[in-house]
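Chemist: Sequence order for the protein chains is A, V, F and W.
Sequential numbering of the first sequence, starting at 0, is according to numbering that gives the first Met the number 0.
Sequential numbering of the second sequence, starting at 0, is according to numbering that gives the first Met the number 0.
Sequential numbering of the third sequence, starting at 0, is according to numbering that gives the first Met the number 0.
Sequential numbering of the fourth sequence, starting at 0, is according to numbering that gives the first Met the number 0.
Simulated from the structure, these hints should not be mistaken for lab results.
Here a beta-carbon is modelled for each residue, glycine too, at the ideal position from N, C-alpha and C.
Certain hints may be false.
[Unchecked claim] Here are some, though not all, of the chain A residues that point toward chain F, as calculated from beta-carbon distances under 7 Å:
1) Y19
2) Q20
3) S21
4) I97
5) S195
6) N202
7) K232
[Said to hold, decoys possible] Calculated from the model, a selection of chain V residues having no Cβ within reach of chain A, i.e. all distances over 12 Å:
8) V50
9) E97
10) L241
11) E270
12) K435
13) G553
Okay, here's what each chain looks like letter by letter:
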Amino acid sequence: MSGEKTLGVDIWRGGADGRYQSFEVPARENQTVLDVVTYVQRHLDSALAYRFACRVGVCGSCAMTVNGRPRWTCRTHVSRVAKAGRLTIAPLQNLPLIRDLVTDMTPFFDKWQRARGRFVPGEGPRDQLAPVPPDKPERAAASAAIECINCGVCYSACDVVAWRDDYLGPAALNRAWAAWNDVRDGDRTGILKAVSASGGCHNCHTHQSCAAHCPVSLNPTFSIAGLKRASIKAKLKGELAP
Amino acid sequence: MLETLRTDILVIGTGGAGLFAALYAKKANPDLDITIAVKGLVGKSGCTRMVQGGYNVALAAEDSIERHFMDTIVGGKWLPNQDLAWALVNGAVKRIHELENEMGCYFDRNPDGTLHQKAFAGQSFDRTVHKGDLTGIEIINRLAEQVWARDIRRLEEHRAVAFIPARDGSGLSGVLLVDIRSGAFRFVQAKAVLLGAGGGPTMYRYHTPSGDKACDGMAMGLRAGLTLRDMEMVQFHPTGILAGDDTRMTGTILEEGLRGSGGYLLDGAGERFMFNYHPHGERATRDIVSRAMYEEVRAGRGTPNGGIYIRMAHLGPEKVAKQFKGMVKRCADCGFDLAGGDVEVLPTAHYMMGGIEFGTDCRTALEGLYVAGEDSGGVHGANRLGGNGVANSTVFGGIAGDAMADAIAQGASWREPDASVLEHEVGRALRPFGQKPGNLNSLRERLLDLMWDKAGIVREEKLLKQCLDELDELSERHAATGLSDPTRTFNPTWHDWLNLESMILVSKTIAQAALAREDSRGAHYRSDFPESGAFETTRYTTVRMGDEETLKIGSEAVAFTIVKPGESLIEGEAGAPPEIAPPPQAAQ
Amino acid sequence: MTPLSYLLQRGTAMIMVPLIVTHLIVIVMAVQGGLSAEEILGRTRGSAAWAGFYALFVLAAAVHAGIGLQTIAREWFSLSDRAAAIAGHLFMLALIGLGARAVYAVVWA
Amino acid sequence: MSRATVIKASRAHPGFVAALVHRLSGLALAIFLPVHFLVLGLALEGEVFSGVIAWTNQPLVKVSEALLVGTLAVHFAGGTRLLAIEFFALERAQAFWISAAFAFGLGFSLLFAMRAF
Ligand SMILES: Cc1cc2nc3c(=O)[nH]c(=O)nc-3n(C[C@H](O)[C@H](O)[C@H](O)COP(=O)(O)OP(=O)(O)OC[C@H]3O[C@@H](n4cnc5c(N)ncnc54)[C@H](O)[C@@H]3O)c2cc1C
Ligand code: HEM
Ligand code: SF4
Ligand code: F3S
Ligand code: FES
């Protein structure tokens with residue numbers, strides 16, 4: 000690599016008790032953090048474990064901690080994050096580590112289910128499409144929250160997740176908020192019950208790390224606040240009783 | 000080292016095909032033990048998630064399934080299996096209602112709350128249902144949520160490596176998998192297996208599909224003795240990003256609407272060239288634009304990096320930034336200014352129309368094996384309409400789920416595996432650990448260039464023959480290449496090796512089929528045979544594996560079971576889609 | 000945090016908003032020219048209104064801070080839900096006790 | 000270098016800092032309030048109370064009292080900001096609320112300190 004411009008990169012290796020390993024990769028004009036990781040795997044250390052799929056920011060598989068911030072690496076240009084020609088790349092926080100840059104996302108998706116982050120069919124006719132004007136307030140709220148790529152960035156950034164291991168976390172609650180705003184849903188009260196159980200939305204302290212880091216600019220803080228209001232209203236009306 | 004697991008139904012892959020199959024089978028019989036195995040994470044790998052444009056379905060009162068059918072057949076240059084195409088257009092109607100009413104997808108509406116259907120290239124009616132330009136995320140996330148909620152076993156980061164036949168030759172016994180995380184082998188014995196690994200033309204220098212796709216399913220099918228059809232039919236999308244060496248974003252799509260709304264394609268000297276090729280200029284159809292761009296670059300008139308510029312700035316950078324927000328942001332994240340500057344692009348391999356031969360109930364020639372989605376062949380013929388891809392995977396995935404549950408209800412049972420095949424296949428997958436370490440990377444680079452240069456957008460006999468020779472040599476070198484690290488747990492380079500093996504094998508079928516088809520149709524263009532030939536005598540190519548991994552090429556006459564060339568199901572019209580280029584809002 | 004404790008904590012916070020404003024104004028006025036026992040007591044002695052004001056304040060603050068500390072104990076000091084709840088309640092009761100004594104002292108004693 | 004040493008960067012944004020300040024001020028108040036009540040309770044024994052009040056007239060004590068009132072103001076302002084987000088769905092104005100909260104808190108303690116001396 001003599002004469003070529005290079006980029007220094009420290010990459011987490013091993014499990015939770017691992018360490019950083021340093022590499023030098025050629026600096027390119029167009030280069031994402033995922034490209035850097037790929038370069039290391041292809042040319043410098045063939046067993047470097049990492050995860051990606053779509054390479055364009057839709058699958059949410061490639062999130063890692065880059066210079067201390069969780070990010071989608073396939074859409075993060077190196078020039079935007081390198082500090083003095085260096086990068087530090089670690090796995091996401093708050094998820095069990097498998098090896099190197101790969102975490103086990105199972106708890107993340109289990110909580111998605113616990114938050115009732117899914118649709119439950121309502122009574123409407125199955126052979127027609129419900130007329131739902133896009134600017135109806137509920138629909139607008141659902142639409143604002145729905146385009147989550149379940150990358151886990153917010154989950155990794157949220158300190159409450161680190162402090163309480165049963166906390167459902169921003170993404171799952173954000174999904175529950177979208178589900179609750181879906182007027183076609185058959186059991187909307189069930190969602191409020193789910194997010195009011197132990198580890199539910201009331202544990203959020205509005206840190207807003209989720210909204211600050213979400214790569215697709217969603218605002219889980221806002222969604223969670225919505226759930227807090229809706230669930231308290233339901234609680235006062237006695238609807239949350241089992 | 001070999002763990003064994005028994006399940007009623009095994010589903011491979013979690014794109015539209017795999018997820019729908021699992022949900023349908025579970026619905027048909029909730030007592031079934033269903034397992035899904037996927038190379039990545041459930042719902043987070045594969046291309047269904049990447050669908051931007053949308054989903055074709057005839058819903059409007061003035062539209063009809065006959066019209067959708069005719070568009071599909073004419074677009075496919077009379078090559079599709081008509082029964083499959085018919086099942087597609089019919090099933091799409093049912094599927095879109097299920098996606099909305101049972102899975103919870105919400106597709107874009109008109110202001111009055113009715114469904115919005117947009118125009119898409121090559122269709123005689125605006126019938127593409129979508130969710131902004133992120134339709135795939137909506138579909139797959141909603142499907143995955145339903146799967147998580149059900150009692151369905153998930154084997155994530157499990158790679159299927161081989162179909163294991165029954166010892167008594169009665170059909171398929173199960174599938175050999177590698178647990179990517181632990182590196183351990185797992186044999187899953189199942190009464191029925193759905194293959195939904197999604198094909199994917201990732202053997203081309205420039206390609207759009209997700210990085211986990213490597214034609215594994217087709218390669219496994221070939222080794223299990225199945226016949227692939229239409230393998231020469233690889234669809235290229237005109238505008239893939241060109242970002243330079245060692246970049247993952249190279250090849251990823253810039254949407255078609257950019258050209259549709261008036262974007263310019265410019266050669267290295269900054270001149271427009273499309274009007275030299277077609278009166279519609281940049282708005283000509285995908286295949287014409289792709290070919291023109293390829294010819295320009297080949298003639299040495301490309302950009303310094305060997306691409307073509309796309310320019311939007313003359314439409315007003317602010318307007319572009321607003322109208323194509325997602326694309327502009329995507330480019331900006333990668334360091335390009337799409338709204339105000341020139342971005343280098345090239346055609347990029349997008350979709351494989353070909354795949355494993357199958358019937359309208361998704362059965363294959365191997366008893367117990369079902370196939371759906373991009374791994375299957377015959378639905379689209381020579382060309383896939385934008386919006387018919389995700390319809391294909393979801394429609395047939397559901398059909399397969401029902402068919403598998405039904406077969407089990409009819410008494411299908413476990414078959415004993417052929418232990419010798421099992422052992423052989425484990426050995427094959429472990430082969431690189433026993434070899435002298437080599438440069439796998441240069442092999443992949445060679446394959447990508449080879450397929451791009453010699454079996455790509457413009458084909459000819461001489462190049463295809465060279466391509467086949469080099470592919471043979473490449474497979475020998477690949478087989479002799481070992482890994483430098485003995486780690487088996489989450490070793491991405493081991494999986495690169497396995498990917499490459501599948502890709503080289505399937506590349507051979509593409510080159511063989513391209514050599515065999517001596518005409519030019521849809522996605523297949525032979526410079527030495529530029530005519531399409533008579534539609535009445537249309538034949539489709541077939542490839543299967545003979546002894547010693549040699550490929551046997553053949554062809555079959557297309558049975559025009561529903562409509563014959565020159566006829567149409569639509570009164571007073573030929574059913575042909577308009578020749579005019581798509582309106583601005585069309586995407587891929 | 001349960002919906003109930005959430006409701007109580009946010010609810011008491013809302014109740015305290017006007018109380019705190021009043022209290023802060025009183026303090027600022029009081030410190031003008033230096034604090035003296037007579038001044039304070041002179042204002043509060045025998046006033047049922049002040050008694051009610053401070054009693055409500057004490058109650059709200061005790062509930063509010065009790066729940067707040069419970070959360071902190073759970074999140075920062077890794078107490079179990081149960082242990083944290085006990086600690087929070089003890090703190091609340093102590094605060095109510097001390098507060099009641101203070102109100103009594105300031106208003107009637 | 001451990002994995003944790005670099006994760007803190009993800010907290011470097013106004014929302015988290017505000018939440019942290021809110022928690023620390025709440026904690027400080029929770030520690031101070033019992034003491035405050037205790038002092039007031041001493042009014043039972045008038046003599047002692049006067050003594051204490053005299054003691055609190057010392058500059059150093061005044062400064063710390065000012066700090067505590069400041070803490071209350073900060074916590075109060077941060078709390079109202081939080082209630083605004085949670086109950087009144089204020090979203091876009093968040094940054095404004097955060098800064099307004101601190102400005103208010105700081106202003107109040109300054110006011111107190113100035114009048115006090
Ligand atoms: C960028 C892009 C945009 C597109 N836009 C459109 C559009 O607008 N409209 C449209 O109709 N079509 C579109 N398509 C095509 C469409 O996405 C596909 O045709 C369709 O979704 C394929 O579905 P599938 O279920 O067959 O495969 P996929 O969705 O690709 O899923 C394949 C699954 O198999 C898994 N897998 C692969 N190999 C193995 C293995 N060895 N073992 C285990 N699992 C394995 C993968 O991880 C994945 O989960 C687009 C494609 C791309 C790439
Ligand atoms: C008007 C006055 C007050 C308002 C508006 C207010 C508001 C709030 C709010 C909204 C919270 C929840 C924070 C969260 O969960 O993230 C909170 C927490 C807290 N408050 Fe107050 N509060 C006020 C007065 C007080 C007083 C007087 C005390 C002390 C006795 C106090 C002590 C606490 C504590 C200890 C917490 C827990 C902090 C945490 O969980 O982060 N508060 N306050
Ligand atoms: S909310 Fe944003 S950060 Fe969180 S998982 Fe979804 S896309 Fe990722
Ligand atoms: S970061 Fe965590 S605390 Fe709440 S606002 Fe977001 S979930
Ligand atoms: S690889 Fe899919 S989001 Fe980055």
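Chemist: Are the hints correct? Go through all of them and say.
Modeler: Hint check:
{"no.": "1", "hint": "Y19", "verdict": "28 Å, violated"}
{"no.": "2", "hint": "Q20", "verdict": "32 Å, violated"}
{"no.": "3", "hint": "S21", "verdict": "34 Å, violated"}
{"no.": "4", "hint": "I97", "verdict": "25 Å, violated"}
{"no.": "5", "hint": "S195", "verdict": "5 Å, holds"}
{"no.": "6", "hint": "N202", "verdict": "5 Å, holds"}
{"no.": "7", "hint": "K232", "verdict": "10 Å, violated"}
{"no.": "8", "hint": "V50", "verdict": "9 Å, violated"}
{"no.": "9", "hint": "E97", "verdict": "8 Å, violated"}
{"no.": "10", "hint": "L241", "verdict": "9 Å, violated"}
{"no.": "11", "hint": "E270", "verdict": "25 Å, holds"}
{"no.": "12", "hint": "K435", "verdict": "14 Å, holds"}
{"no.": "13", "hint": "G553", "verdict": "35 Å, holds"}
Violated hints for the displayed structure, listed by number in ascending order: 1, 2, 3, 4, 7, 8, 9 and 10.
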